[in-house]
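S.K.: Residue strings, one per chain:
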Amino acid sequence: MRDVAVIGIGIQRWGELWERSLRDLWVEAALNAINDAGVDHVDSMYVGCMTPGLFVGQEHLGSLLADYLGITPVPATRVESACASGGMAMRAGFIEVASGLSDIVLVSGVEKMTDVDGGGATYALATAADGDYEVYNGVTFPGLYAMMARDYMRRFGLTREELAAVPVKSHANGVHNPHAQFQGAIKLETVINSVMVADPLTLMDCSPITDGAAAAILCPLDLAAKFSKGRPVVKVAGMGAATDSIALHSRGDFSTLNSTVIAAKRAYDMAKVGPEDIDFAEVHDCFSIAEIIVSEDLGFFEKGKGGKAAAAGETAIGGKKPINTSGGLKSKGHPVGATGIGQIHELVTQLRGEAGKRQVEGAKRGLAQNMGGSGGSSVVHILEVK
Amino acid sequence: MSVPGYWREQPQRYRYEANRCKSCGKVFFPPRRVCEPGCDPANLEPCKLSQTGKVLTYTIIHIGPTQFADEAPYAMAICEMDGGGRITAQLVDCPFDKIEVGMPVRIEFRKIQQDGHAGILMYGYKVVPG
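Line by line, the protein sequences are chains D and R.
Sequential numbering from 8 applies to the first sequence in the working numbering.
Sequential numbering from 103 applies to the second sequence in the working numbering.
Just chain D, with the same shape it has in the complex (with noise of 0.2 Å):
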């Protein structure tokens, strides 16, 4: 297997894009990561999108893409795994670079989703969870999480506070971020007392619906020098995905996100690190109680102190373990297919110490969790200066 490094990326401002369609958003992205790697061609490509069927009603996104992008007729093709989707379409291209099939892979991701309204978004999001045996009688996904949190906080004393304090933390974070959705501070009180959703979390516990898109180029490791500009190498160098059960009421254990555990065990035994060795992470906080657990699956964290850590200040930039300095999904932007994908922009971003304001002293190597449904996929990357 060969290494395998990413040398462009590409995004826009995350938002409720009104005028602009998916095809212009994604191209957009994919223009702004082929300029950034420098590269003059693309052998193959991955776009991460969770439901164009349901949001735009539009199938078939690998051959729609490669044609508005002018790169027909490279292979494309459509990665999807909910909101994971993003994340699985970056694993796909490293596998593609990695054995050897192709050296220039285009990895993106794509959501557009404010084309339907509240109740047309809640439904397609809804096709994430399990249809006949939890959808059909009433759940929705604020509904998963908060049965989520209502058992960690039963069991580990987490309080309303310690869990407000992520989104204040992340929003903090996305001041900074140019593309972030959402680019204002929030305090403790706007949270715990904004419009309950589904209890115990309220509207500012949730990640919005929004439109965007992310692209990335990667490459062989022994290839990216001639792209690099002078700025650092950025080498893949771990890699882990994992599925769950798809509804939450079939897993063991509700304040544990299994999938991410062992994606996380297979990114860390490839890249041959552990946690303390992780200087930031980008994970999947879809809704707030989610960050607290995935940072303590990920080893952060002992399980139980995840929300205490949050609290202390240990996750923000200039913490122990800052987590999300783009402002996580709550506060960039939560478009579900480009997330993953998204993450490894903030990734890079840090890495060659572009990230202005929010840029984390010294960061070599970050990590990237991204995961579909209430658990049932996760995939881990683990990327760091070479």
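Check each hint, because a few of them may be wrong.
[To be verified] Cut-off 20 Å, straight-line C-alpha distance, at most; resulting in silico cross-link-like pairs (EDC-like, lysine to aspartate or glutamate):
(1) K200(R) <-> D206(D)
(2) K156(R) <-> E182(R)
(3) K156(R) <-> E202(R)
(4) K128(R) <-> E182(R)
(5) K213(R) <-> D195(R)
(6) K156(R) <-> D260(D)
(7) K327(D) <-> E283(D)
(8) K213(R) <-> D172(R)
(9) K194(D) <-> E321(D)
(10) K312(D) <-> D260(D)
(11) K213(R) <-> E173(R)
(12) K128(R) <-> D260(D)
(13) K150(R) <-> D139(D)
(14) K213(R) <-> D139(D)
(15) K310(D) <-> E283(D)
[Claimed, not checked] Pairwise CB distance ranges, derived in the manner of DEER restraints:
(16) E147(R) <-> D124(D): 41 to 49 Å
(17) E119(R) <-> E283(D): 47 to 55 Å
(18) E210(R) <-> Q65(D): 41 to 49 Å
(19) G369(D) <-> P175(R): 42 to 50 Å
(20) E283(D) <-> R117(R): 46 to 54 Å
(21) E173(R) <-> Q65(D): 26 to 34 Å
(22) C126(R) <-> K194(D): 46 to 54 Å
(23) E168(D) <-> V136(R): 43 to 51 Å
(24) K213(R) <-> D124(D): 21 to 29 Å
(25) P106(R) <-> R238(D): 54 to 62 Å
(26) E361(D) <-> E119(R): 52 to 60 Å
[What the hints assert, rightly or not] Per the computed footprint, the stretches of chain R lying under chain D, defined by three or more beta-carbons under 8 Å from a beta-carbon of chain D, are:
(27) 155-166
(28) 183-191
I should point out that these hints are in silico values taken from the structure, not numbers from a laboratory.
Predicted model only: the values in this text are computed from it and were never measured.
For glycine and all other residues, C-beta sits at the position ideal for the given N, C-alpha and C.
Since the structure of chain D is provided, determine the placement of chain R on it from the hints.
M.R.: For chain R alone, coordinates are given in the frame of chain D:
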């Protein structure tokens, strides 16, 4: 929802049909063809999900999906049924402040949703304090 799609699930929604692995005793609802890799499918025998159980975790949904929007706020719980098998169901006929983890519940047959004003009525299970 498509009529065949609704009709297909009736054995579970109307009669709580499940199955059980004779080797490990695990109860599957809905029934599965495979317990775990290497497990002989002949080890799976039909059984019925117990109609009594207890709440493992719960939430009060204040903003519901379109089909349930008029019912909000409503409670949902993950329940472990006696003898095995788990469900996610609405917890009804109980004030929200009386709901607690560990409380006994039982399954009742109830209307779950309807397809607009002219579409099919859809039934299934909810749980009530047991």
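S.K.: Hint by hint, say whether it matches the structure.
M.R.: Hint-by-hint comparison with the structure:
A threshold of 20 Å between alpha carbons decides the hint, and for K200(R) with D206(D) the separation of about 14 Å falls inside it, so the pair holds. Among the hinted pairs, K156(R) with E182(R) is consistent with the structure: their alpha-carbon atoms are about 6 Å apart, no more than 20 Å. Straight-line distance between C-alpha atoms of K156(R) and E202(R) comes to about 10 Å, which keeps the hinted pair within the 20 Å bound. Taken as a hint, the K128(R) and E182(R) pair is honoured in the structure, with Cα atoms around 12 Å apart against an allowance of 20 Å.
About 14 Å separates the Cα atoms of K213(R) and D195(R), which keeps this hinted pair within 20 Å; it holds. A C-alpha spacing of about 16 Å is found between K156(R) and D260(D), which places the hinted pair at or below 20 Å, so the restraint holds. Between K327(D) and E283(D) the alpha-carbon distance is near 10 Å, which keeps this suggested pair within the 20 Å criterion. The straight-line distance between the Cα atoms of K213(R) and D172(R) is roughly 14 Å, inside the 20 Å bound, and the hint therefore holds.
With a CA separation close to 18 Å, the supplied pair K194(D) and E321(D) stays within the 20 Å bound. Annotation: proposed proximity of K312(D) to D260(D) holds, straight-line Cα distance about 17 Å (limit 20 Å). About 12 Å separates the Cα atoms of K213(R) and E173(R), which keeps this hinted pair within 20 Å; it holds. Taking the CA atoms of K128(R) and D260(D), the gap is about 16 Å. The hint holds against a cut of 20 Å.
Of the supplied pair hints, the one linking K150(R) and D139(D) holds, its CA atoms being roughly 18 Å apart against a limit of 20 Å. Distance check on the hinted pair: K213(R) and D139(D) sit about 15 Å apart at the alpha-carbon level, within 20 Å; holds. Pair hint K310(D) plus E283(D) holds up; C-alpha atoms about 15 Å apart against a cutoff of 20 Å. One distance hint, 41 to 49 Å for the beta-carbon pair E147(R) and D124(D), holds here, with the actual separation near 46 Å.
For E119(R) paired with E283(D), a C-beta distance near 50 Å keeps the hint of 47 to 55 Å intact. Distance hint check for E210(R) and Q65(D): the Cβ-Cβ separation is about 42 Å, which falls inside the suggested range of 41 to 49 Å. Under the hint 42 to 50 Å, the C-beta atoms of G369(D) and P175(R), about 48 Å apart, fit the expected range. Restraint check, E283(D) to R117(R): a C-beta distance of roughly 53 Å satisfies the suggested window 46 to 54 Å.
At about 33 Å, the beta-carbon gap between E173(R) and Q65(D) stays in the expected band of 26 to 34 Å. A hinted range of 46 to 54 Å for the beta carbons of C126(R) and K194(D) is consistent with their spacing of about 50 Å. Checked against the hint of 43 to 51 Å, the pair E168(D) and V136(R) passes, with Cβ atoms roughly 45 Å apart. Checked against the hint of 21 to 29 Å, the C-beta distance between K213(R) and D124(D) comes to roughly 26 Å, which is consistent with it.
Between P106(R) and R238(D) the beta carbon distance is about 57 Å. The supplied range of 54 to 62 Å therefore holds. Between E361(D) and E119(R) the Cβ separation comes to about 58 Å, which falls inside the hinted range of 52 to 60 Å. Counting residues of the region 155-166 of chain R whose CB falls under 8 Å from any CB of chain D gives 9; the rule of at least 3 is met. Here the region 183-191 of chain R counts 4 residues with a CB under 8 Å from a CB of chain D, which clears the bar of 3, and the coverage holds.
Against the hints set out earlier in the document, no violation occurs for any number.
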